[in-house]
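Chains as they are written, first to last, in the numbering used here: chain A, 1 to 427; chain B, 428 to 747.
Simulated from the structure, these hints should not be mistaken for laboratory data. Honestly, I wouldn't trust all of these hints.
Covered stretches of chain B (in silico footprint by chain A; criterion: 3 or more residues with CB under 8 Å from a CB of chain A, positions within the stretch not fixed) [to be verified]:
| hint | region |
| --- | --- |
| 1 | 523–532 |
| 2 | 546–552 |
| 3 | 556–569 |
| 4 | 622–633 |
Heads up, simulated EDC-like pairs for lysine to aspartate or glutamate below, C-alpha to C-alpha not over 20 Å straight-line [as the list claims (entries may be wrong)]:
| hint | chain 1 | residue 1 | chain 2 | residue 2 |
| --- | --- | --- | --- | --- |
| 5 | A | Lys205 | B | Glu662 |
| 6 | B | Lys555 | A | Asp268 |
| 7 | B | Lys666 | A | Asp382 |
| 8 | A | Lys205 | B | Glu447 |
| 9 | A | Lys133 | A | Glu210 |
| 10 | B | Lys586 | B | Glu662 |
| 11 | B | Lys690 | B | Glu710 |
| 12 | A | Lys205 | B | Asp631 |
| 13 | B | Lys666 | A | Asp184 |
| 14 | A | Lys286 | B | Asp650 |
| 15 | A | Lys393 | A | Asp382 |
| 16 | B | Lys590 | B | Asp650 |
| 17 | A | Lys316 | B | Glu523 |
Derived CB-CB ranges, DEER-like [to be verified]:
| hint | chain 1 | residue 1 | chain 2 | residue 2 | range |
| --- | --- | --- | --- | --- | --- |
| 18 | B | Asn667 | A | Gly131 | 24 to 32 Å |
| 19 | A | Ser424 | B | Ser511 | 53 to 61 Å |
| 20 | B | Gln664 | A | Ser161 | 28 to 36 Å |
Since the structure is predicted, the reported quantities are computational estimates derived from the model, not experimental observations. Just so you know, even glycine gets a beta-carbon here, dropped at the ideal spot from N, CA and C.
Here is how the chains run, residue by residue.
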Amino acid sequence: MKILIKNGHVVDPANGIEGKRDLLVVDGIISRIAETGSLNSKGAETVNAKGLLVLPGFIDLHSHLREPGYEYKETIETGGKSAVAGGFTSICCMANTSPVNDNASVTRYIMDKQKKAGFANVFPVGAITKGLKGSELSEIGGMVKAGIVAISDDAEPVMNSLVMRRAMEYSKIFGIPLFSHCEDLSLGDEGVMNEGIISTLLGLKGMTSESEFNMIQRDINLACLTGARLHISHVSTASGVSAIREAKKRGIKVTSEVTPHHLMLTEDAVRGYGTNFKMKPPLRTKQDVESLEEGLADGTIDSFATDHAPHAIVDKQVEFDRASFGIVGFETAFPLLLTLVKRRVITLNKLIEKLTVSPAGIIRKNKGTLSCGADADIVLADPDREYTIDVKKFYSKGTNSPFDGWKVKGSIERVFVSGRLVFSRGG
Amino acid sequence: MMAKTVDKKILQAKNIIDIETMNVEDISLILDTALSMKEIMSRDIKKVPALRGKMIANMFFESSTRTRTSFEIAAKMLSADTVSFTASGSSMSKGETLLDTVRNIIAMGPDLLVMRHASSGAPYFVAKNINIPVINAGDGRHEHPSQALLDLFTVREKKGKLKGLKVSIVGDILHSRVARSDIYAFKKMGANVRLVGPPAFIPDYFRQFGAEIFYDMEKGIKDADVIIMLRIQIERQGKNFFPDIREYYELYGLKENILCFAKDDLLVMHPGPLNRGVEIDSEVADGKHSVILDQVTNGVAVRAALLYLLLGSRTDENID
Numbered sequence: 001m002k003i004l005i006k007n008g009h010v011v012d013p014a015n016g017i018e019g020k021r022d023l024l025v026v027d028g029i030i031s032r033i034a035e036t037g038s039l040n041s042k043g044a045e046t047v048n049a050k051g052l053l054v055l056p057g058f059i060d061l062h063s064h065l066r067e068p069g070y071e072y073k074e075t076i077e078t079g080g081k082s083a084v085a086g087g088f089t090s091i092c093c094m095a096n097t098s099p100v101n102d103n104a105s106v107t108r109y110i111m112d113k114q115k116k117a118g119f120a121n122v123f124p125v126g127a128i129t130k131g132l133k134g135s136e137l138s139e140i141g142g143m144v145k146a147g148i149v150a151i152s153d154d155a156e157p158v159m160n161s162l163v164m165r166r167a168m169e170y171s172k173i174f175g176i177p178l179f180s181h182c183e184d185l186s187l188g189d190e191g192v193m194n195e196g197i198i199s200t201l202l203g204l205k206g207m208t209s210e211s212e213f214n215m216i217q218r219d220i221n222l223a224c225l226t227g228a229r230l231h232i233s234h235v236s237t238a239s240g241v242s243a244i245r246e247a248k249k250r251g252i253k254v255t256s257e258v259t260p261h262h263l264m265l266t267e268d269a270v271r272g273y274g275t276n277f278k279m280k281p282p283l284r285t286k287q288d289v290e291s292l293e294e295g296l297a298d299g300t301i302d303s304f305a306t307d308h309a310p311h312a313i314v315d316k317q318v319e320f321d322r323a324s325f326g327i328v329g330f331e332t333a334f335p336l337l338l339t340l341v342k343r344r345v346i347t348l349n350k351l352i353e354k355l356t357v358s359p360a361g362i363i364r365k366n367k368g369t370l371s372c373g374a375d376a377d378i379v380l381a382d383p384d385r386e387y388t389i390d391v392k393k394f395y396s397k398g399t400n401s402p403f404d405g406w407k408v409k410g411s412i413e414r415v416f417v418s419g420r421l422v423f424s425r426g427g
Numbered sequence: 428m429m430a431k432t433v434d435k436k437i438l439q440a441k442n443i444i445d446i447e448t449m450n451v452e453d454i455s456l457i458l459d460t461a462l463s464m465k466e467i468m469s470r471d472i473k474k475v476p477a478l479r480g481k482m483i484a485n486m487f488f489e490s491s492t493r494t495r496t497s498f499e500i501a502a503k504m505l506s507a508d509t510v511s512f513t514a515s516g517s518s519m520s521k522g523e524t525l526l527d528t529v530r531n532i533i534a535m536g537p538d539l540l541v542m543r544h545a546s547s548g549a550p551y552f553v554a555k556n557i558n559i560p561v562i563n564a565g566d567g568r569h570e571h572p573s574q575a576l577l578d579l580f581t582v583r584e585k586k587g588k589l590k591g592l593k594v595s596i597v598g599d600i601l602h603s604r605v606a607r608s609d610i611y612a613f614k615k616m617g618a619n620v621r622l623v624g625p626p627a628f629i630p631d632y633f634r635q636f637g638a639e640i641f642y643d644m645e646k647g648i649k650d651a652d653v654i655i656m657l658r659i660q661i662e663r664q665g666k667n668f669f670p671d672i673r674e675y676y677e678l679y680g681l682k683e684n685i686l687c688f689a690k691d692d693l694l695v696m697h698p699g700p701l702n703r704g705v706e707i708d709s710e711v712a713d714g715k716h717s718v719i720l721d722q723v724t725n726g727v728a729v730r731a732a733l734l735y736l737l738l739g740s741r742t743d744e745n746i747d
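Sequences and hints are given; from them, build the entire structure.
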């Protein structure tokens, strides 16, 4: 089966391509990419991408699909549908399900489910420790065989430094990265937002940014000690960005990601106690956001990740300090991140790189490119279409977005996974 | 009866949730109205028909004796009916959400909701979802506006003014809703506010409230016109905000000997409940500077003023 995507503006950072090109897909694989009009369309289904961006499918290193165990919040199917609606053709899902993804049978369950669902490629992240308890290593080898691409205890960070060291050492057998949610829980003191003037005047318990910085620095030190591949999840602080920058200069194998919401919002948004502004790490200050932007621009921050964290209404329509942490992210990421290009924080090319080839490299998948021979995971996006974000229209079960009602520019129009049309806006 | 309603001042706030966003005109109107209420309290028959036929729901999701009783007496003085709800023995303990509980009470038709809740911000959340006025009777460690208003009233009553006074608030500022409301209230009315206590209780962010910070008790209360002592929650012991109660008392307890240089007309206040021998000595609590029981009396007047201004003064009824 052949598909010819023509007249589009191709951005493929992996191959240094940015311009008008036609793209031929044969049997789910990218077959040729060439000057507009130069490819033979005989026998091919033709897609006119005039005025649209033609991009490699996005890759999200950080999401929560909630299945098994919390299907009332999201399932692998609804999460996968939501992902492709946001342009994400490959997503990594965290291990904090019930049961926890800390053994090969849970990993296989997720792999089976995603195959049946057939939307985004799902790459599970296995738990570092059994039950995310922070004490005994999970059977990481078995999970790698079953399909995990990284290990992480995510929001239950490994507080014991020796356990973390052993995990890093063990990860080297498989060459997989360790994703670290950096939070010194003892210093975090059960906070519910960033510690600062806003938490003080709202009377909410704060999480100091030092709690993130401490753990980033610890994990960098351990990565230096062990030579393991460390990936810092959702960095949110200026001091964290500096620590990662220094570590990279020293040649330590560290990469990092940032979420759209940490770039778009500050702690000021928590005034009014809206629970959709409650997440971990918390929204920080304007200075932190500026440092994150600098980190993006100078390459300290390698990739974007949504930390898509769907919750049911009952988890969020409660008192602020009782509300669950986290927000949905797949379906709002692209238009929000496009504002970085408009504000000249980074170029369109860099933006796409950090959504595609860069995260692909972190999990060592031959994805995120339009190279000949690669899986035809392709996004057609309209960078100019204006609309209002409406959570009621989300494909995700979660409506917990702080961006509801925002007027944005940039929509995902069509998405292919291995050459299959998995999303078509309005269709 | 009718004539006065024409030029009567109307409260601009639709809810009383915080002092932070309350304007000075509203504060002054509340204090002036409370004066009339206090006059009613001194009558033989302490009841006027201003809120006859109105129903006030007191929803206390966190225990309270003083504040709940104070609101009830205030409501009864104005002839309103009250229903009281406390968290224990309610459906909250059966797992009902706050919003469901509140909506159920609202469905029974009260005209105003007084609520206390252990979570900061809970009254904002509730007010957003219902359409009757809400009075915050204390939310978590955020604000306790009626307490600050009665503190202002008491100081103004005793001193005849608020502007330029030196007000020292001593103790656990971080966890105190009274402190936050008092800081805003006294600053807005032109007083100087100092915060006194151990550093962990007064993060530097409080400087941005326009308050001075002192870790030394004697310096912090020097030349004070008003000292507001905050209750130290015994549960904070063992959390390392301070080593133990004994040392806290040594460093920050309000003892008679440190008041020997105090101004003659110093006012010692405390929102209650008191921990005698912890943050305040009995000699001081019951001594010549103490206006702690005046605060309690004035609390009824101020709360009656709030109920009246939110419910009564917008109708034809008045308190004359």
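Consistency of the hints with the structure:
1. 523–532: holds (count 3)
2. 546–552: holds (count 6)
3. 556–569: With 4 residues closer than 8 Å to chain A, the region 556–569 of chain B meets the three-residue bar; holds.
4. 622–633: With 3 residues in contact (Cβ-Cβ under 8 Å with chain A), the coverage given for the region 622–633 of chain B holds.
5. A:Lys205 with B:Glu662: Holds: Lys205 of chain A and Glu662 of chain B sit about 16 Å apart, inside 20 Å.
6. B:Lys555 with A:Asp268: 19 Å, holds
7. B:Lys666 with A:Asp382: 55 Å, violated
8. A:Lys205 with B:Glu447: Cα-Cα ~19 Å, so holds.
9. A:Lys133 with A:Glu210: Roughly 23 Å between the alpha carbons, so the hint for Lys133 of chain A and Glu210 of chain A is violated.
10. B:Lys586 with B:Glu662: 36 Å, violated
11. B:Lys690 with B:Glu710: Holds, at about 17 Å.
12. A:Lys205 with B:Asp631: It holds: about 15 Å lies between the C-alpha atoms, which stays within 20 Å.
13. B:Lys666 with A:Asp184: 17 Å, holds
14. A:Lys286 with B:Asp650: 40 Å, violated
15. A:Lys393 with A:Asp382: 18 Å, holds
16. B:Lys590 with B:Asp650: 15 Å, holds
17. A:Lys316 with B:Glu523: 14 Å, holds
18. B:Asn667 with A:Gly131: 24 to 32 Å: Check passed, 30 Å falls within 24 to 32 Å.
19. A:Ser424 with B:Ser511: 53 to 61 Å: Given about 58 Å between the Cβ atoms, the range holds.
20. B:Gln664 with A:Ser161: 28 to 36 Å: The hint (28 to 36 Å, Cβ to Cβ) holds, given that Gln664 of chain B and Ser161 of chain A are roughly 30 Å apart.
Checked against the numbered hints given earlier, the structure breaks hints 7, 9, 10 and 14 and satisfies all the rest.
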